[in-house]
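**Q** Chains as they are written, first to last, in the numbering used here: chain H, 1 to 114; chain Z, 1 to 114.
Incorrect hints may have been included.
Calculated lysine-lysine pairs in the DSS-like style (CA-CA distance at most 27 Å, straight line) [stated by the list, open to error]: (1) H:K106 <-> Z:K62; (2) H:K3 <-> H:K38; (3) Z:K78 <-> H:K106; (4) H:K106 <-> Z:K11; (5) H:K3 <-> Z:K62; (6) H:K70 <-> Z:K44; (7) H:K3 <-> H:K106; (8) H:K106 <-> Z:K83; (9) H:K38 <-> Z:K11.
Just so you know, these hints were derived from the structure itself, not from any lab. Computed from a predicted model, the values in this text were never measured in an experiment.
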Amino acid sequence: AQKVTQAQTEISVVEKEDVTLDCVYETRDTTYYLFWYKQPPSGELVFLIRRNSFDEQNEISGRYSWNFQKSTSSFNFTITASQVVDSAVYFCALGFYGNNRLAFGKGNQVVVIP
Amino acid sequence: EAGVAQSPRYKIIEKRQSVAFWCNPISGHATLYWYQQILGQGPKLLIQFQNNGVVDDSQLPKDRFSAERLKGVDSTLKIQPAKLEDSAVYLCASSLGPLGETQYFGPGTRLLVL
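Given the sequences, and given the hints that come with them, work out the whole structure.
**A** Structure (structure tokens):
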């Protein structure tokens, strides 16, 4: 079964604090890919990052960083020095090369308090 | 480059009425998707098109939902008749191809069925 678990439903942080969002996935496929999307109050899902299963290199983009660990089936996302504009729902998703159906987690609601 | 366009952004109807949503994908993207996102959940794929053909509609409630992409570009999703449980955000996404490609999402249409 293909499944994505985002355990933390809502996370509140004070501005400038760091916040880490956990994503744990389950799949029997040996090749797959993972995404993080941001959904601000406007509703659009904004693509943040894609990581293929054969590439375990971590990535940093500005205040965002991602830690992909195949051994623990996790793809965690950290926002450093959070800002109010980071307030949104963040979704982790799992995709497969055999088709393009994405399995989404339930999302993490991040609230950054000024 | 223009993103995925959707209209209307908001729609309120009464149950048993019909409603239609429109989507224009990113230029050059052959694959188009319609998702349903119920409050507090991740998006669920309803239907996937490759050009003007249906690739996957296994999760589309075909007794009331229909979708078409006649010329392989724009697409419409229709609900007839609507039920209360259809209240959700309907997201359109597109990708270059059908397998292993990143999906880019539009702003969504928020539907409220009274």
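**Q** Run every hint past the structure and note whether it holds.
**A** Hint check results:
1. H:K106 <-> Z:K62: holds, 25 Å
2. H:K3 <-> H:K38: Satisfied, since the Cα-Cα distance of roughly 19 Å is no more than 27 Å.
3. Z:K78 <-> H:K106: holds, 26 Å
4. H:K106 <-> Z:K11: At roughly 24 Å apart (the allowed maximum being 27 Å), K11 (chain Z) and K106 (chain H) satisfy the hint.
5. H:K3 <-> Z:K62: holds, 25 Å
6. H:K70 <-> Z:K44: Answer holds: K70 (chain H) to K44 (chain Z) is near 25 Å, not above 27 Å.
7. H:K3 <-> H:K106: OK: K3 (chain H) and K106 (chain H) at ~10 Å, within 27 Å.
8. H:K106 <-> Z:K83: Holds, at roughly 23 Å.
9. H:K38 <-> Z:K11: holds, 23 Å
Figure legend: structure checked against the earlier numbered hints; every hint is met.
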